[in-house]
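Protein chains: 2
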Amino acid sequence: MSSVRYNQLIVGKHKHEIETPALLLYADRLERNIDKMAAFFSQVECNLRPHFKTHRLPVIAHKQIKAGARGITCAKISEAKVLAESGVRDVLIANQIVGERKLEQLAGLAHHSDIIVAVDNVENASQMSAIAVKRGVKVNVLVEIDVGMNRCGVGTEEEALALAKTILDLKGVRLRGLMGYEGHTVLIPDYERRKSECRKALVRLVRVRDFLEKNGVPIEIVSAGGTGTYTIAGRYPGITEVQAGSYATMDTQYRKIGIDFEIALSLMTTIISHPTEEKYILDTGLKSLTNDMGMPELIEAPGAVIDAMHEEHVRILWKNPTRNLKIGDKLEFYPSHGCTTINLHDLCYVVRNDVVEAVWHMKARGASQ
Amino acid sequence: MSSVRYNQLIVGKHKHEIETPALLLYADRLERNIDKMAAFFSQVECNLRPHFKTHRLPVIAHKQIKAGARGITCAKISEAKVLAESGVRDVLIANQIVGERKLEQLAGLAHHSDIIVAVDNVENASQMSAIAVKRGVKVNVLVEIDVGMNRCGVGTEEEALALAKTILDLKGVRLRGLMGYEGHTVLIPDYERRKSECRKALVRLVRVRDFLEKNGVPIEIVSAGGTGTYTIAGRYPGITEVQAGSYATMDTQYRKIGIDFEIALSLMTTIISHPTEEKYILDTGLKSLTNDMGMPELIEAPGAVIDAMHEEHVRILWKNPTRNLKIGDKLEFYPSHGCTTINLHDLCYVVRNDVVEAVWHMKARGASQ
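From first to last, the protein sequence lines stand for chains A and B. The opening residue of the first sequence carries number 78 in our numbering; numbering runs sequentially from there. The opening residue of the second sequence carries number 78 in our numbering; numbering runs sequentially from there.
One chain only, chain A, in its complex shape (with noise of 0.2 Å):
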């Protein structure tokens, strides 16, 4: 809806001139949370393979490869070819790819970029396998293990196995590894229970590794890990690759773990009514910043209570607000969580010293498919 030309008329001014609600990007903060990870990452045997499904932005991807990631980690078919378009050749889809018309896609991708997908399924991978062998490609395949978070993949060693030979009996599809998500542990708060339910799951990957090798099937790639467990998973033997993703633009949900990089987004939002002494009415809502995750936080309010959050409109009682606040004021929020919350726009607006650079598109935005 919005033009990334006509904004560009804001780059250079303050962001206060922006118009609101607007998604905000602190360069500065995005670009210290990347050199952070990239030198965690230069420390250990692991490779950083930093999700895309939370900033969608190829520009951000790019970056966090030039500060020495191993790749770029995404969800769904349709990131992977906004990531290849924009010239990104190493991509895994940690997700399933299921369907002809989507398997026609990935073959296609496979001309372009070193595309490798999550398997859990034996038809799956033959289809897979039929369909790049007929587009002249071989599509790179994990094997998807559950690793205790109950969604996708294999649950048991011999299952692993099974689905390993298959795919090495096939044509179409090459196997590189083992992947599994502890989605289930990242958000612990204790940072000792935390570690050691990590530390489970990563048990449970790397047995089905050694498992595998010990059956004569190779494993180079084990990929785990998310923000929340970069630092477990990023130093247990026998994991290759992580795929933490939120710590580029962070969010309050992963700050509230004590997860140590700044949160460099905000939601951006006017004053649009005072009807009364305390309350004051936003012009942000559910359309332009999520709740999932818990409420979003108002910065540099204290004593500030977000009331209500309906779709377009945010209430706040603030009794004894620590400026004079007016109709027509900024506020800003940090998101409690980031990926849902940029899902929701379609520009970023770039932001140094309080002055806006550039104004992003939002390339990927809505790339659910």
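A hint or two may mislead.
One copy or two, either will do: identical chains are not told apart, so a pair holds if it fits within one copy or between any two.
What the hints assert, rightly or not - Derived DSS-like pairs: lysine-lysine, alpha-carbon spacing no greater than 30 Å straight-line: (1) LYS272 - LYS113; (2) LYS403 - LYS211; (3) LYS215 - LYS291; (4) LYS440 - LYS407; (5) LYS90 - LYS143; (6) LYS440 - LYS113; (7) LYS215 - LYS113; (8) LYS248 - LYS211.
Since the hints were derived computationally from the structure, they do not count as laboratory data. The structure displayed is predicted, hence computed values, not measured ones.
With the hints as your guide, set chain B onto chain A.
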């Protein structure tokens, strides 16, 4: 992200050939909903001005107007722009438009549509007027009254009168009437209680009208009402317009309280993993289907339980499926909240007799500014 032209290839095919997750709009149900609501308003004194914020599709707005609607209601200047560009002239922005940049856009719009906007603040009205005068237009306004929702709007008759008198003195704005939205009552499950609570709000609104008219302020429009209260507001003496929007596409939250329109909207998804006997993983999640009004409902799946909703995955447990399900099969959800679910999509697939007859671009998707 997704291209409309590319998607035209799906027109004429069975709906199960659509790539998922996908938003489906059942054309016949939509048309029956529009006709049914039009029939109601043809029999009462009140006019219908349907809300655009639900479907955000100009093609539906034009169908509603053709069926007799007075004009269209929307929530944002960005939605009003989409409407004006699609030729809808009579548009109420049922919200405050704040700040110089947006007021300049409002004045620009007033050259191309008979725009009406809600006002609850003197400074805002004055700034609006000054910009309108500079641009050679007059902007129509409604004074918004807080009828108990505790959001925007002035609270008392005296405040309303003071604001109305200021507006009468301003050269760039034209007072057309009043608006009050009883949003706090539209989802009350018990009809009798909903009716009595709604009427309390309408009493307040009509009382303000009486007070203003007694004090020499002519009131032409009195706007209220939602899909949960249209029969109450539409028959209430003194209410001249109802803003109901959700009725066109409907959702399960409104069906739950007995609103008798058909659900015309579904989210189609594919089974991408079937790791154990009863467990199925679907390719939709919070990025394509919202749960801010409760979990969506699986269609034609008695006994299936939605076990988890992640960003791009839904896990369902289904002990005794009514049909044999396998990876690649399609399932459909009725959204619990149409407005926020539609907001996530770039395209909607228009279906009649299970065949795709059109692919519509959600022109106002993400139009929250």
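Cross-check of the supplied hints:
1. LYS272 - LYS113: Within. Shortest intra-copy distance 21 Å satisfies the 30 Å Cα cut-off; inter-copy 58 Å does not.
2. LYS403 - LYS211: Classified as between; 24 Å across copies, 65 Å inside a copy.
3. LYS215 - LYS291: Cα proximity of LYS215 and LYS291: one copy only (25 Å, versus 80 Å across).
4. LYS440 - LYS407: both (27 Å within a copy, 27 Å between copies)
5. LYS90 - LYS143: within (29 Å within a copy, 44 Å between copies)
6. LYS440 - LYS113: Within. Shortest intra-copy distance 26 Å satisfies the 30 Å Cα cut-off; inter-copy 40 Å does not.
7. LYS215 - LYS113: Neither, since 35 Å and 55 Å both go past 30 Å.
8. LYS248 - LYS211: within (10 Å within a copy, 71 Å between copies)
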